[in-house]
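Protein chains in written order, with the numbering used here: chain E, 1 to 389; chain A, 1 to 389; chain X, 1 to 389; chain L, 1 to 389.
Keep in mind that the hints were calculated from the coordinates and are not lab data. Be aware that a few hints might be false.
One copy or any two copies: either way a pair holds, since identical chains are not told apart in the list.
Said to hold, decoys possible - Below, a list of computed lysine-lysine pairs in the DSS-like style, where the Cα atoms sit at most 27 Å apart:
no., residue 1, residue 2
1, 210, 34
2, 34, 118
3, 167, 210
4, 118, 104
5, 167, 118
6, 104, 210
7, 34, 104
Protein chains: 4
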Amino acid sequence: MTAPTGFTDITDELAAQAIELPSWAFGNSGTRFKVFGTPGTPRDPFEKIADAAKVHELTGLAPQVALHIPWDRCDFEALATHAGQLGVRLGTVNSNTFQDDDFKFGALTHVDERIRSKAIDHHIECIDVMDATGSRDLKIWLAEGSNYPGQADMRGRQDRLHDSLAKIYDRLGESQRLVLEYKFFEPSFYHTDVPDWGTSFAQVSALGDKAKVCLDTGHHAPGTNIEFIVMQLLRLGRLGSFDFNSRFYADDDLMVGAADPFQLFRIIHEVIRGGGLNNPDVAFMLDQCHNVENKIEGQMRSVLNVQEMTARALLLDTAALTAAQESGDVIAANDIFMDAFYTDVRPALAEWRTSRRLPANPVQAFRESGYQEQIEAERVGGTQAGWGA
Amino acid sequence: MTAPTGFTDITDELAAQAIELPSWAFGNSGTRFKVFGTPGTPRDPFEKIADAAKVHELTGLAPQVALHIPWDRCDFEALATHAGQLGVRLGTVNSNTFQDDDFKFGALTHVDERIRSKAIDHHIECIDVMDATGSRDLKIWLAEGSNYPGQADMRGRQDRLHDSLAKIYDRLGESQRLVLEYKFFEPSFYHTDVPDWGTSFAQVSALGDKAKVCLDTGHHAPGTNIEFIVMQLLRLGRLGSFDFNSRFYADDDLMVGAADPFQLFRIIHEVIRGGGLNNPDVAFMLDQCHNVENKIEGQMRSVLNVQEMTARALLLDTAALTAAQESGDVIAANDIFMDAFYTDVRPALAEWRTSRRLPANPVQAFRESGYQEQIEAERVGGTQAGWGA
Amino acid sequence: MTAPTGFTDITDELAAQAIELPSWAFGNSGTRFKVFGTPGTPRDPFEKIADAAKVHELTGLAPQVALHIPWDRCDFEALATHAGQLGVRLGTVNSNTFQDDDFKFGALTHVDERIRSKAIDHHIECIDVMDATGSRDLKIWLAEGSNYPGQADMRGRQDRLHDSLAKIYDRLGESQRLVLEYKFFEPSFYHTDVPDWGTSFAQVSALGDKAKVCLDTGHHAPGTNIEFIVMQLLRLGRLGSFDFNSRFYADDDLMVGAADPFQLFRIIHEVIRGGGLNNPDVAFMLDQCHNVENKIEGQMRSVLNVQEMTARALLLDTAALTAAQESGDVIAANDIFMDAFYTDVRPALAEWRTSRRLPANPVQAFRESGYQEQIEAERVGGTQAGWGA
Amino acid sequence: MTAPTGFTDITDELAAQAIELPSWAFGNSGTRFKVFGTPGTPRDPFEKIADAAKVHELTGLAPQVALHIPWDRCDFEALATHAGQLGVRLGTVNSNTFQDDDFKFGALTHVDERIRSKAIDHHIECIDVMDATGSRDLKIWLAEGSNYPGQADMRGRQDRLHDSLAKIYDRLGESQRLVLEYKFFEPSFYHTDVPDWGTSFAQVSALGDKAKVCLDTGHHAPGTNIEFIVMQLLRLGRLGSFDFNSRFYADDDLMVGAADPFQLFRIIHEVIRGGGLNNPDVAFMLDQCHNVENKIEGQMRSVLNVQEMTARALLLDTAALTAAQESGDVIAANDIFMDAFYTDVRPALAEWRTSRRLPANPVQAFRESGYQEQIEAERVGGTQAGWGA
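Turn these sequences into a full structure, and let the hints steer you where they fit.
Following this line, the structure appears as structure tokens:
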């Protein structure tokens with residue numbers, strides 16, 4: 001098996017690639033109708049970290065794990081030590097404004113100053129966690145909004161959001177960042193306070209240079225050209241991080257690359273075009289739910305999908321592409337672009353993986369490792385982690 | 001205040017209108033992220049019926065309550081008696097193929113004959129309930145599907161679905177019906193086994209005359225012309241029932257008429273045009289979730305919205321409309337159509353309601369009745385009903 | 001007939017309302033499949049102005065007419081005089097980067113400096129027209145993009161767009177403005193260079209205070225909460241103008257208010273909330289195509305729809321709404337909001353119109369005026385105006 | 001270069017594959033805003049056939065050409081002879097109900113019996129053409145509908161559609177078929193008379209066995225699972241033909257496989273699963289517009305895309321897939337499915353093509369053939385073909 005032309009030129013970039021895993025991907029998840037539990041599901045943050053470390057051990061791609069507060073509340077120094085012993089480190093800290101009864105009608109946007117303060121304090125606590133774990137990024141998914149026209153004053157909420165974010169921003173350390181995620185809809189159905197990249201961009205621009213936008217690939221209207229937004233946010237210097245996943249309809253949170261692999265290719269192409277690959281300013285993270293598939297394998301498949309698409313995008317003949325583009329040769333430009341996408345990089349990646357003492361087929365290696373059987377045997381009793389845990 | 005021209009001609013139709021309430025609308029509901037509990041929420045089917053009966057008492061619009069099995073399992077004869085004492089009756093029985101662990105990968109469509117049998121048996125149990133309650137309709141929302149391409153064999157599942165439905169159909173009594181609901185997506189994200197009206201129509205047509213389609217107004221792709229489907233199903237003699245609600249994005253399950261009142265008007269116009277209004281073959285039901293609003297008031301507002309739009313649609317000057325249509329006068333036809341929609345029927349309805357010894361403003365009457373305070377005081381302890389209850 | 005409570009308080013606002021008509025609405029239009037011609041269609045800008053003036057004469061709502069270059073090239077001083085004699089004035093000047101063969105692969109974004117210069121020069125010509133007509137606004141709909149992945153370098157195009165816009169911006173007079181319209185898709189199918197409000201906002205913010213965003217109500221992804229964008233752009237001080245129309249699917253360019261009247265109500269509510277009503281900084285314009293309906297009547301119906309929804313939105317009991325919102329009373333807040341929408345303002349508007357010496361029913365008055373018959377008789381020979389004219 | 005495992009087993013199927021080209025793909029096309037003309041564009045049906053034959057000569061994939069009446073009206077016997085001399089044959093005949101001024105408000109659905117008769121007669125003429133050309137299929141794209149609520153009586157139109165289709169169906173010869181295409185929207189914006197597969201299915205089922213459904217891959221709502229419909233129509237015995245193209249937003253008519261190659265893979269997988277590949281009952285056709293790319297190359301790329309995806313889908317390890325599906329192993333099933341999609345069949349196809357005396361790279365061979373230069377030189381004067389020609 002020979003590698004595709006140019007493969008050896010891209011291995012440094014591949015070796016540098018790091019994708020952050022969400023701790024919650026290892027816990028149970030589901031739809032509003034049903035959460036199917038599975039044997040071996042972690043019961044605490046330490047077990048989540050162990051599963052994440054297994055993904056990294058077998059893929060070499062996932063050295064960092066994102067936390068979610070309050071789901072992962074524990075002794076954070078002990079957790080950081082535990083992570084280090086397993087070969088990974090703690091990463092982005094995610095706040096939660098959607099599960100406290102007080103936040104039914106808003107948190108950072110709430111009309112009641114007392115509840116806004118409570119929400120701000122929650123974010124201060126998150127920054128305290130960041131200080132303890134050495135995390136750089138505070139990620140805020142603003143899951144606030146309203147269900148009915150007239151229910152809320154959208155304008156007032158937007159202004160209060162700015163005030164709340166400014167207070168949180170002021171608490172950030174020198175090298176810390178605030179990353180504001182946007183989402184088209186859900187859990188609110190009429191309006192969402194940060195529904196699009198434009199709102200996130202406007203809000204973070206009003207804060208300062210340490211505030212960035214998080215782009216979750218599942219958080220857009222049908223038909224949205226997501227790679228355009230990637231391009232634009234990189235151009236504007238405001239792309240802080242990705243939440244990778246894939247979707248057919250809404251925020252399905254499927255494995256990244258599963259629904260539309262070509263879209264993932266196009267997104268990564270724009271990341272490379274805009275200087276975002278292996279750029280510390282742009283965090284690559286997963287945000288997924290493995291409702292019906294094995295969770296650890298689901299995470300492995302996802303980071304491998306990102307790696308495979310990165311390899312394909314790196315192999316693109318950009319000089320030939322530019323020439324075709326500039327001459328208005330639509331067919332040639334598209335052919336060159338598709339040629340990179342259609343190149344099967346998997347055998348070369350398997351060989352290269354072996355050369356780095358990683359299993360050629362990480363998912364198969366996981367299945368042969370006995371790890372799943374072990375955790376199913378060990379993790380008995382207690383309460384499995386989930387979004388409510 | 002004078003009533004709109006022609007109002008007296010439509011009051012017989014209005015008096016005949018009956019909308020079925022879903023028992024689960026009175027229980028707690030939410031998104032996959034959070035279910036907000038509220039004081040006074042029913043703890044058992046009897047309390048749900050009591051709340052539904054209150055809606056009927058104050059609106060005169062909701063004499064029937066739909067049940068969901070297993071959520072409403074209880075002594076059904078006692079429940080029927082209870083309902084009768086409160087002035088309502090038990091209606092459609094809804095089955096559930098989405099919450100048993102065995103049904104993770106399908107129920108009526110499952111590749112394993114044992115699990116299919118279990119799912120069929122569940123429906124037989126539902127028909128037993130119908131026999132006990134005197135219900136006519138078995139409603140099946142086929143919440144089955146897959147999340148990933150390749151996960152399932154869609155064709156085999158479709159064939160097995162037919163076999164399973166045929167077995168259930170055979171068990172129906174002479175005057176009972178099977179109503180098959182379709183849904184665009186959720187809880188599955190790649191494929192759904194009954195995703196559109198065409199599939200439901202093809203499946204029920206293969207069963208026999210007692211099988212019909214249920215149209216849930218929230219279960220379509222963005223941009224779908226729902227009233228066209230209403231027209232078509234009535235024309236084909238297969239519209240069995242409506243699940244009314246409204247939505248901005250996905251299956252939001254908001255109060256019917258809240259998101260797009262003009263769409264509700266158009267739907268009811270086609271119902272009237274096709275002979276479906278106050279036609280016993282076409283059941284009007286709600287299927288909604290009151291995540292943030294008062295549940296009883298939410299049901300009241302919803303049946304009132306249906307009534308108001310029915311009144312507007314009945315007031316349409318169909319002779320003038322037909323003349324404008326036939327002459328190709330687009331502006332006039334649209335004006336005549338909009339005139340009915342824009343006519344404010346609310347004062348006339350309030351007067352007419354008073355004439356029938358109903359409160360002019362049912363929601364206000366509810367607020368003044370003390371019922372909410374009473375149930376909040378009484379319903380303490382126990383477990384509030386919800387989708388998992 | 002009594003007017004709704006509070007109607008007399010809002011007549012000053014109603015009297016101040018002015019909606020700009022697009023000259024091209026009076027020419028023939030259609031889909032890519034067929035343009036149906038109609039008798040009486042204008043053959044030059046002067047006849048378009050005459051039709052627009054007739055709309056204003058009968059509604060009192062449309063004192064200004066937008067031009068499109070090159071479609072409306074003529075002796076602009078003569079045209080301005082003609083307009084003035086008919087009681088209207090010339091307004092926004094629209095440029096065109098989508099019909100010159102040189103612009104097949106871009107205009108202001110083109111990779112070839114020669115073509116960019118040509119496109120910039122076209123806009124300079126437009127500003128010359130503005131100087132001649134006394135127009136304030138140059139509106140740029142950036143109909144540029146690509147059809148296939150790989151066809152174009154989106155990032156480079158975005159940078160070149162900035163450079164081109166900056167050159168055009170520099171040519172603006174002291175009191176002139178540049179308004180940049182965004183559009184989700186069409187005529188390009190893979191990427192559009194200004195596809196969303198965020199991109200338009202970022203581009204105009206980089207230019208200066210005289211650059212604003214134009215919001216066309218038909219230019220969004222399915223499910224987009226448009227009134228949220230209205231709120232946000234007003235909040236950010238960047239809402240320059242509206243292109244009003246309505247749509248069911250894509251950019252259908254139907255009469256405003258025809259597809260979803262409640263959405264129009266919500267949009268105008270946010271305009272009022274944000275101080276945009278009768279604010280000279282926010283131009284109200286139509287941008288519509290009357291493919292199958294009478295064009296003059298279509299424009300009349302549209303401005304009347306805007307007026308009716310403005311009246312309803314002005315009648316909203318904002319104090320009661322705020323109280324309900326602040327107390328978390330979702331049902332009451334929604335009821336108050338819907339009450340304004342459902343209030344039938346048409347009889348009161350007809351009376352008020354009569355009091356201003358306008359016809360109570362402008363469309364009927366037009367039909368009785370003989371104007372249509374007159375133009376059908378007079379406008380014989382020549383070439384009817386259309387998008388290619 | 002070695003071929004993928006199993007490649008030799010699929011070459012018989014590949015050799016049998018035949019894709020029909022639309023004559024109109026070689027004429028000029030565009031959006032409602034602009035049609036860009038290109039040198040060498042055919043000026044009559046004979047030149048269109050010549051271009052189509054060139055595609056077949058170089059790819060071996062396109063032996064048949066579909067006609068559109070009235071665009072291709074000519075001496076059909078001469079045209080058939082011309083086609084035969086160039087190595088291709090005439091195929092499906094497409095009717096046109098959207099460009100005659102009489103059809104502004106409908107054709108087969110029109111309320112006026114005179115206009116319905118005219119539309120029916122047009123289809124009789126098409127069947128006469130079929131008799132002359134030896135074509136089997138009459139394809140009807142029912143481009144009828146309305147733009148405004150109230151404009152038309154949808155129910156009456158549906159009934160009249162049935163009557164009209166029945167008259168046309170009666171005229172079919174023994175071995176001829178009627179294929180009814182559905183489309184979500186455009187050119188109508190409120191309602192379309194055959195908007196979905198369910199309507200087409202219901203209408204053709206009411207006609208008889210010679211009536212089938214045409215599935216155009218660009219004619220669905222956002223998010224529609226098209227392969228599900230393919231499966232269902234094959235299962236119901238009603239899939240008559242495909243119109244292949246691709247789209248990002250609406251009916252973009254891009255080259256098939258260009259927007260979402262994985263979707264094309266899934267569609268062809270279901271075709272194979274349901275016995276539709278190389279089944280004479282299921283016609284594979286293209287329906288595309290090459291607005292900005294070279295038209296002949298665009299057709300070549302499209303048939304090659306279909307061939308490549310067919311090869312990938314044929315290579316799927318169905319035994320392993322079934323085993324994984326039946327064991328509920330979601331990750332394995334998806335991996336097996338994706339493995340086929342990711343297999344790069346292009347080198348093996350190039351070798352196989354060479355073995356059949358076809359150019360390894362057909363597009364490059366076309367570029368080197370001088371054909372484009374030749375037609376640009378020869379086809380001077382006259383009127384280039386387009387949708388209006």
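To see whether the hints hold, each was checked on the structure:
Neither within a single protomer nor between protomers do residue 210 and residue 34 lie at most 27 Å apart by alpha-carbon distance, with minima of 39 Å and 31 Å respectively. In the homo-oligomer, the alpha carbons of residue 34 and residue 118 lie at most 27 Å apart only across protomers (18 Å), although the nearest pairing inside one protomer, at 31 Å, exceeds that limit. For a Cα distance limit of 27 Å, the shortest separation of residue 167 from residue 210 inside one copy, 13 Å, qualifies, whereas the shortest one across copies, 32 Å, does not. In this assembly of identical chains, the alpha carbons of residue 118 and residue 104 lie at most 27 Å apart only when taken from the same copy (13 Å versus 39 Å across copies).
With identical chains, the CA atoms of residue 167 and residue 118 are at most 27 Å apart within one copy only, with a shortest distance of 12 Å there and 49 Å across copies. Proximity of residue 104 and residue 210 under a CA criterion of 27 Å is satisfied in neither setting, with 29 Å inside one chain copy and 41 Å between copies. In this assembly of identical chains, the alpha carbons of residue 34 and residue 104 lie at most 27 Å apart whether taken from the same copy (22 Å) or from different copies (9 Å).
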